[in-house]
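Work out the full structure, taking the sequences as your base and the hints as a guide.
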Amino acid sequence: MAKIKGANAVLDVMNKWGIDHLYGLPGGSFDSTMNAIYEMQDTVKFIEVRHEEAAALAASAEYKLTGKLGVCMGSAGPGAVHLMNGLYDAKYDKTPLVALVANVPTSRQDVNFFQAFDEMPWFRDVAVWVHQAKTKESLPVLMDTAIRTAYAKKGPAVLIIPKDFGWQEIDDNYRVSANNLSADNYAGPTKESVEAAAALIKAAKNPVVYFGLGASGAAEELKEFSDKFKMPMMSSYLGKGIVEDSFKPYLGTIGRIGAKAPNEVQGHTDLVVWVGNNSPFSILWFPKDAKVIQIDVDPEKLGKRHSVDVAMKADAKKALRALIDAGEAREESPLYKAALADREEWDAWRKSFADDHLKDEGRVRQEPIWDVINKEAADDAVFAIDVGNVDMDHCRLLEMNGKQRWTTSGLYATMGYGSPAAMAAATAYPDREVWHLAGDGGFAMMSEELLTMARYNMHVLTVVFTNETLGYIEAEQRDESNQPLSGVILPDNDWAKVAEGMNVKAFTAHDKAEFEAAVKEWKKMDGPAFIDVKYTKHMAYSTELNTLDDPEFVKYYHAEALHPFSYFADKFGLNIDTASGASGHSEDKSEALKVQAVSSASKPENAPDTTSGASH
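For the sequence shown, the positions run 1 to 616 when the UniProt record's numbering is used.
Bear in mind the hints are in silico, worked out from the structure with no lab data behind them.
There's no promise every hint is true.
To be verified - Calculated cross-link-like contacts (lysine-lysine; reagent style DSS-like; alpha-carbon spacing at most 25 Å): (1) Lys318 to Lys202; (2) Lys202 to Lys191; (3) Lys505 to Lys375; (4) Lys230 to Lys191; (5) Lys94 to Lys403; (6) Lys91 to Lys153; (7) Lys202 to Lys223; (8) Lys337 to Lys351; (9) Lys304 to Lys318; (10) Lys301 to Lys94; (11) Lys223 to Lys403; (12) Lys318 to Lys191; (13) Lys512 to Lys359; (14) Lys223 to Lys191; (15) Lys375 to Lys524; (16) Lys16 to Lys153; (17) Lys403 to Lys375; (18) Lys16 to Lys134; (19) Lys205 to Lys191; (20) Lys571 to Lys205; (21) Lys304 to Lys191; (22) Lys228 to Lys205; (23) Lys68 to Lys403; (24) Lys337 to Lys248; (25) Lys337 to Lys223; (26) Lys351 to Lys512; (27) Lys191 to Lys301; (28) Lys68 to Lys301; (29) Lys351 to Lys537; (30) Lys403 to Lys520.
As the structure is a prediction and not an experimental result, all values here were calculated from the model.
Take a look at the structure:
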């Protein structure tokens, strides 16, 4: 019978599942696997990163972008530990992933050997499946099980491979279950739930749609549903991009990073059609007495974030179609009219800054830069978004068309996600533009991966927005706890010089024209490029405070053209309780704005950094 080395068998199983590459970094305990990669280089591409965390984050991002499982690897000891952050990203965002983890040879285990520790307990919390091979013959079977289980349970699976097993030969007679993989095919709703939901829709005065990532694939149904029943729509952050931003009834993302209109409208609805959404922040929104129709394929999610009147355990696409067919068309409600007018004013206001006429302390604002991105990004561009204030800018300012794709670290929200995600995007979509967008805080965490992009000539544009602060945490300290800024100030850096030192073509942009010229230069290139944007230190509009009756607030945010939601309510005959608003926070908003004005607008250039660390 034909023989095959254990490590080669593991990679062969991976190939048979349609996976032709993996991310990782060599280590002595993985010599057998590296030898297998060398021998199988015609069918297996090894993408060598500069830190194992990047390998795990890239593998996680790959599934988010493509629906296809990613594979990463880490050697015994520190290599295994370095994977952990990326594995938790996969766990939180329910992302199938397989991590191959080396262990020292079996003869060196349990004797306090170099780099050896008991790896099984280390991975039990993060993994949906973790197993260390006990025999060389089990390696291909375990790899097959790892992939199958990761897909089935939607999370990271970890296979631990002792070094000596990878070298040893086994019979080449194992079987692989890849042909059993099929797309999810969830059920439609029950007749009773459709009838009950249709009755609530008919009776509602001011209904809205609130959707999330679980509505992926149901864009047309969402739009048709909104149009027929005249419901304004809002989404969680991870729901952005499902419906194109140009669809007027889509108000945008709700929450601190979202736009003004959805945050105002949510407080005045009497019915929420809740579709495929498990945002943990949802508990903060919507009136407690509002009726809720919730659609989700996972019964554990039904009623988790809000009391539910009609629970529909069903596929979003099928459930929305059933409701469209069952219900009667509605006229535009006062809330619908007010919501669309509120959004229209917000859009006009933010676009009024796009020409770069207004500088904040001499530095370019957010809107001119993102106006260039909107105009220059390809119709099928892929965006790798880091974590921080860049999410707010992306959420509010990037006008996605429904064909473009994007990814971020969602529920885990780890800074440093952008670089590995960009590498995954460039690997999965080599013929598409990849935009890596990050703040200077998040970029610094995984900046070494510019070396990887350069090495493999990935067509990635890295844009770093240098505002010299951990801006998202700065805003928390100002707006939520009303405290002096502590630990958020970052020193400026010549990031373009850093990028050039890593063999990446680099630019520094101080205004819209310089940024646009640099983008156009990259679009003519084949490989990676880097732009350091010297960005405003001025915080973006606070939808948490949103106190347009306060002249100080209006002045700080240049919000003279904006009206409070009560203006639109009065205009369209919507009766609202002015005591109920978009924010459920109890802090004194005027005091928060004073802290903001002093600590941000007048922040000394060399203010001391008094603490270390910040929330990711």
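Which earlier hints turn out false for this structure, listed by number in ascending order?
No numbers; nothing is violated.
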